[in-house]
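Protein chains in written order, with this note's numbering: chain A, 205 to 552; chain B, 4 to 503.
Since the hints were derived computationally from the structure, they do not count as laboratory data. Ideal placement from N, C-alpha and C gives every residue a C-beta, glycine not left out. Among the hints, erroneous ones may be present.
[What the hints assert, rightly or not] Facing chain A, a subset of chain B residues (Cβ under 10 Å, in silico): (1) 118; (2) 126; (3) 255; (4) 258.
[Said to hold, decoys possible] Mimicking DSSO-like on lysine-lysine, the simulated pairs with C-alpha atoms at most 27 Å apart in a straight line are: (5) A/208 <-> B/476; (6) B/165 <-> A/208; (7) B/165 <-> B/70; (8) A/265 <-> B/26; (9) B/328 <-> B/355; (10) B/376 <-> A/208; (11) B/296 <-> A/265; (12) B/165 <-> A/265.
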Amino acid sequence: MARKTFEHLEGQRRRPDVYEEVTAYVQWGETFRDKFPTLPNEGANYHFPEHYKLGYWDPTKTRWKSHQWESFRDPNRLTYRSYHEVQSEREAALEAVLAAARSEHAVRYLDPEWVETLRMFFAPMRFAEWGISMAHQYVGRFSISSLVTNPSILQVFDELRHTQRIAEWTHDLETEHGGFGGYRAQWLEDPMFQPMREYLERVCVLRDWGEVVVATNLVLEPLLQRVLYRTLSDLGNAHSDSVLPHFAYSVYGDEERHWSWAAALAAMLNEESDENRATTGDWIDSWTPLALRSVEALAPVYSIVGKEPVFDSALAEARNLAADVLESAGVTGVALQDRPTVVGGETS
Amino acid sequence: MSTRPSRVGVQEATQQNIKDQYKEFTRDLGWEPSYVPKEEMYPPEHAEGVHFSDWDKFDDPFRLFYKDYVKVQEKKEESLHMVFDHAARYDYLTRVEATWLEGMKLFACGQGQTEYETCKDHMAIARYSPAPALRAAALYQSIDELRHAQNYAHYLRYANRKLPGFSGWATLFQNHWLYQGIRHCFEDILTANPFEAIIGANVVLEIGFTNLNFVALPAVGAANYEYAWSQLQLTTQSDETRHMAIGQSMMRTLLEEDPRNLPIIQRWLDKWTWRLYRVDALGGSIFFDYFAKNKVMSYKEAFQKYFVDDFIGGLVADLGPFGLKEPAYLQYMLDDMDQLSHVVWKYLYQRKDMLWFKTFQPDDDDREWLTEKYPDWPNLVGGFWDEVRGGRDVSNAGLVPVCNLCQVACMFQDENGPMIEGPVELDGRTYWFCSTPCREIFMNEPEKYKGAKTIVDLVLDGAMPDDPDEFLKMIGISEPGLGGDLFAPNGEHTHNGHSH
Numbered sequence: 205m206a207r208k209t210f211e212h213l214e215g216q217r218r219r220p221d222v223y224e225e226v227t228a229y230v231q232w233g234e235t236f237r238d239k240f241p242t243l244p245n246e247g248a249n250y251h252f253p254e255h256y257k258l259g260y261w262d263p264t265k266t267r268w269k270s271h272q273w274e275s276f277r278d279p280n281r282l283t284y285r286s287y288h289e290v291q292s293e294r295e296a297a298l299e300a301v302l303a304a305a306r307s308e309h310a311v312r313y314l315d316p317e318w319v320e321t322l323r324m325f326f327a328p329m330r331f332a333e334w335g336i337s338m339a340h341q342y343v344g345r346f347s348i349s350s351l352v353t354n355p356s357i358l359q360v361f362d363e364l365r366h367t368q369r370i371a372e373w374t375h376d377l378e379t380e381h382g383g384f385g386g387y388r389a390q391w392l393e394d395p396m397f398q399p400m401r402e403y404l405e406r407v408c409v410l411r412d413w414g415e416v417v418v419a420t421n422l423v424l425e426p427l428l429q430r431v432l433y434r435t436l437s438d439l440g441n442a443h444s445d446s447v448l449p450h451f452a453y454s455v456y457g458d459e460e461r462h463w464s465w466a467a468a469l470a471a472m473l474n475e476e477s478d479e480n481r482a483t484t485g486d487w488i489d490s491w492t493p494l495a496l497r498s499v500e501a502l503a504p505v506y507s508i509v510g511k512e513p514v515f516d517s518a519l520a521e522a523r524n525l526a527a528d529v530l531e532s533a534g535v536t537g538v539a540l541q542d543r544p545t546v547v548g549g550e551t552s
Numbered sequence: 004m005s006t007r008p009s010r011v012g013v014q015e016a017t018q019q020n021i022k023d024q025y026k027e028f029t030r031d032l033g034w035e036p037s038y039v040p041k042e043e044m045y046p047p048e049h050a051e052g053v054h055f056s057d058w059d060k061f062d063d064p065f066r067l068f069y070k071d072y073v074k075v076q077e078k079k080e081e082s083l084h085m086v087f088d089h090a091a092r093y094d095y096l097t098r099v100e101a102t103w104l105e106g107m108k109l110f111a112c113g114q115g116q117t118e119y120e121t122c123k124d125h126m127a128i129a130r131y132s133p134a135p136a137l138r139a140a141a142l143y144q145s146i147d148e149l150r151h152a153q154n155y156a157h158y159l160r161y162a163n164r165k166l167p168g169f170s171g172w173a174t175l176f177q178n179h180w181l182y183q184g185i186r187h188c189f190e191d192i193l194t195a196n197p198f199e200a201i202i203g204a205n206v207v208l209e210i211g212f213t214n215l216n217f218v219a220l221p222a223v224g225a226a227n228y229e230y231a232w233s234q235l236q237l238t239t240q241s242d243e244t245r246h247m248a249i250g251q252s253m254m255r256t257l258l259e260e261d262p263r264n265l266p267i268i269q270r271w272l273d274k275w276t277w278r279l280y281r282v283d284a285l286g287g288s289i290f291f292d293y294f295a296k297n298k299v300m301s302y303k304e305a306f307q308k309y310f311v312d313d314f315i316g317g318l319v320a321d322l323g324p325f326g327l328k329e330p331a332y333l334q335y336m337l338d339d340m341d342q343l344s345h346v347v348w349k350y351l352y353q354r355k356d357m358l359w360f361k362t363f364q365p366d367d368d369d370r371e372w373l374t375e376k377y378p379d380w381p382n383l384v385g386g387f388w389d390e391v392r393g394g395r396d397v398s399n400a401g402l403v404p405v406c407n408l409c410q411v412a413c414m415f416q417d418e419n420g421p422m423i424e425g426p427v428e429l430d431g432r433t434y435w436f437c438s439t440p441c442r443e444i445f446m447n448e449p450e451k452y453k454g455a456k457t458i459v460d461l462v463l464d465g466a467m468p469d470d471p472d473e474f475l476k477m478i479g480i481s482e483p484g485l486g487g488d489l490f491a492p493n494g495e496h497t498h499n500g501h502s503h
């Protein structure tokens with residue numbers, strides 16, 4: 205007979221909603237093993253040899269182990285459709301900000317100190333956004349369940365959004381003020397970006413998708429967002445920049461989604477076993493020092509406006525935020541709390 | 004510090020040439036790593052075999068920007084879901100032809116996963132393609148495919164509220180013997196290198212078979228009053244026109260660049276036209292010829308027009324000057340055409356109690372049409388359907404050899420009897436094939452294919468349940484009465500809660 209939901213979602217306390225019905229169990233393979241019978245042909249797939257070209261999604265692609273992958277729920281409960289509703293609105297809002305700024309020639313009125321600050325960090329950040337996107341392309345490909353793939357792929361797309369908006373606004377800045385064209389050399393050579401570049405290069409060669417999720421969404425993003433976009437948004441307001449605060453606000457909304465889904469996933473897995481908790485903890489411990497160096501190195505951004513006090517408090521708040529995010533994932537970020545406050549970007 | 008540029012008009016200043024801007028958003032995003040080896044960040048094996056001097060020369064013909072994409076796609080979603088909502092509100096499924104609705108159970112329960120596979124596949128192309136423009140194009144495509152996968156699930160949600168047979172798709176796609184060919188084929192694309200995957204997915208599937216599935220078939224669906232699904236097919240197709248352009252431009256770019264690419268591309272074209280034909284034609288042909296109560300065109304006609312004339316003809320006209328030839332196995336496909344849907348339909352009817360959708364005997368109108376479109380139909384299966392009409396039990400749940408490449412039962416016949424190729428001995432295991440193309444494709448890459456077990460292998464290994472009910476449960480048939488004949492012996496529908 206007709207049913208209230210699909211067979212594979214029956215038995216839940218609450219009737220499954222649209223999000224669950226269109227994202228759960230779409231990916232075949234391993235996640236069925238504990239709930240449904242699967243063909244006993246080794247890995248429930250056609251078992252093309254593991255070394256063969258790109259390989260397959262299977263449990264070996266992460267150290268996390270679970271018997272309940274399909275129980276994971278993205279707290280944002282986004283589907284393709286609802287994502288596009290949210291993001292087309294966000295993009296329209298940002299577009300309106302840019303249109304107003306252009307029509308009023310707002311870029312012309314930025315003060316020189318602020319322009320110099322923007323020159324230091326804004327344009328090269330496209331690479332950081334793209335690095336996170338690349339890392340999540342791997343997650344999108346190899347994660348074991350469609351419930352994980354879904355937010356990861358939407359994140360890949362978010363990062364492309366940030367990248368394109370940075371590139372776009374850079375052109376306005378370059379046209380009006382000049383000096384914004386050297387972003388590639390900045391990214392490759394400026395000491396300010398080198399720890400972050402190292403971080404992202406190392407993340408991009410990880411072959412454990414769970415570790416990628418932890419390293420990007422739980423460790424790096426909260427620190428980076430707080431130190432960079434959030435604080436500079438405040439400073440931008442103080443310097444009458446009518447674009448950057450809106451851009452930062454828009455990006456921040458995406459980033460909050462990123463760490464919330466990653467934290468929910470880690471929390472579920474950490475709850476499930478001590479092995480997972482230890483694994484998550486290992487990853488956090490091994491990535492936190494380089495993540496801290498990545499944001500500490502950004503201190504020179506504040507050398508013209510804001511100065512040390514602003515940077516120091518931004519860094520302290522970033523650590524708190526990162527610690528909160530980790531706490532919501534059911535783990536503690538020891539390295540975040542134990543390190544002494546740094547001054548002026550020099551690690552102590 | 005660069006010198007301050009002179010003032011230019013706002014439009015000019017802010018709206019870069021789109022082509023340049025797009026290049027900046029694609030090829031400019033990568034960088035040469037220095038903290039990790041370059042070959043780890045951009046593994047070179049993913050360019051396997053393809054000759055190319057400057058990957059930057061690739062171009063993405065669509066040059067999409069995120070902001071435009073989300074705006075357009077949000078509108079497309081809104082109009083599709085408006086159709087879905089209206090259809091559900093007015094309970095439109097009760098007005099869809101009952102025979103067609105059974106076909107929807109077969110189509111919709113497997114389509115979403117193939118879209119999802121392409122989503123995962125193109126995420127890897129986005130990550131690993133050596134050509135930056137292809138990376139960007141693949142990224143958008145992957146997002147498109149996520150859309151399609153979820154929209155098929157949306158369709159299933161509506162149908163599942165009303166009718167049986169739309170509920171068990173997750174298990175069916177994994178385990179039912181009827182879907183194993185699709186799974187094997189799509190897992191094969193998934194594990195191919197980016198260029199081979201684009202030939203398979205973007206060229207052969209999305210250009211070659213898309214017009215059959217997403218233009219011709221919705222017309223047949225609409226003739227059978229299935230408007231919501233037809234709308235879904237058309238809106239899916241509107242994304243695929245972009246994917247087609249990617250495939251076409253990639254093939255042309257590779258062929259223009261280096262003549263050594265020709266044999267590689269030809270081999271992939273030969274392989275994927277056959278592999279996808281095996282999946283798509285077997286499934287698709289019975290929709291045109293059997294599930295459609297109100298028939299629009301025969302599969303043979305549709306295949307000739309959309310696949311042979313439009314796709315192959317267009318491809319050879321376009322790329323023939325570079326030496327590309329029509330697919331090596333085209334004649335095998337054409338040789339199939341007179342028997343294809345009829346053999347498949349008979350095969351399914353004989354196993355109708357193991358299915359989650361109902362099959363049925365052709366009625367007098369069907370027979371007349373089938374004989375007109377396929378003059379050999381009475382000789383081929385007319386006698387079989389006479390016996391069914393006479394009340395004979397034709398069910399056959401026995402094991403049939405299954406092809407070790409395409410996972411389809413060896414059900415076809417030629418003048419020498421049942422078509423089967425083999426045995427081929429490899430590492431102490433014996434392999435059989437349904438056709439010459441399947442044998443040749445397997446033998447080109449035995450390392451890739453030799454490990455897979457067919458569902459018959461599993462039965463013979465004793466790995467499947469002996470108990471018939473347990474067996475059915477394993478393959479996803481979780482309740483009685485899903486399969487069988489749509490019409491009772493007196494000609495009335497046996498469909499649950501459904502009348503015309």
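Checklist entry - Would the pair residue 296 of chain B and residue 265 of chain A pass a check requiring their Cα atoms to be no farther apart than 27 Å? => result 47 Å, violated
Checklist entry - Keeping to a limit of 27 Å between CA atoms, is the pair of residue 165 of chain B and residue 70 of chain B held or broken? => result 38 Å, violated
Next on the checklist: For the restraint on residue 126 of chain B, tell me whether the closest CB of chain A is nearer than 10 Å.
Outcome noted: 4 Å, holds
Next on the checklist: Please verify whether residue 328 of chain B and residue 355 of chain B have alpha carbons no more than 27 Å apart.
Outcome noted: Roughly 41 Å separates the two Cα atoms, so the pair is violated.
Next on the checklist: Given the hinted pair residue 208 of chain A and residue 476 of chain B, is their Cα-Cα distance within 27 Å?
Outcome noted: Within the cut-off at roughly 20 Å; holds.
Checklist entry - Does residue 118 of chain B meet its interface restraint, that is, does its C-beta lie within less than 10 Å of any C-beta in chain A? => result Because about 9 Å separates residue 118 of chain B from the closest Cβ in chain A, which is inside the 10 Å limit, the hint holds.
Checklist entry - Under the criterion that the straight-line Cα-Cα distance not exceed 27 Å, is the pair residue 165 of chain B, residue 265 of chain A satisfied? => result 39 Å, violated
Item to check | Pairwise hint evaluation, residue 26 of chain B against residue 265 of chain A, where the allowed Cα distance is 27 Å at most | outcome: 33 Å, violated
Next on the checklist: For the restraint on residue 255 of chain B, tell me whether the closest CB of chain A is nearer than 10 Å.
Outcome noted: With Cβ-Cβ at 24 Å, over 10 Å, it is violated.
Item to check | Pair hint outcome, residue 376 of chain B versus residue 208 of chain A [Cα-Cα no greater than 27 Å] | outcome: Roughly 42 Å between the alpha carbons, so the hint for residue 376 of chain B and residue 208 of chain A is violated.
Item to check | Interface hint for residue 258 of chain B, Cβ within 10 Å of any Cβ on chain A | outcome: 22 Å, violated
Checklist entry - If you draw a straight line from the CA of residue 165 of chain B to the CA of residue 208 of chain A, is it 27 Å or shorter? => result Given pair residue 165 of chain B, residue 208 of chain A holds - Cα atoms ~9 Å apart, limit 27 Å.
Of the hints listed earlier, those the structure fails to meet are numbers 3, 4, 7, 8, 9, 10, 11, 12, in rising order.
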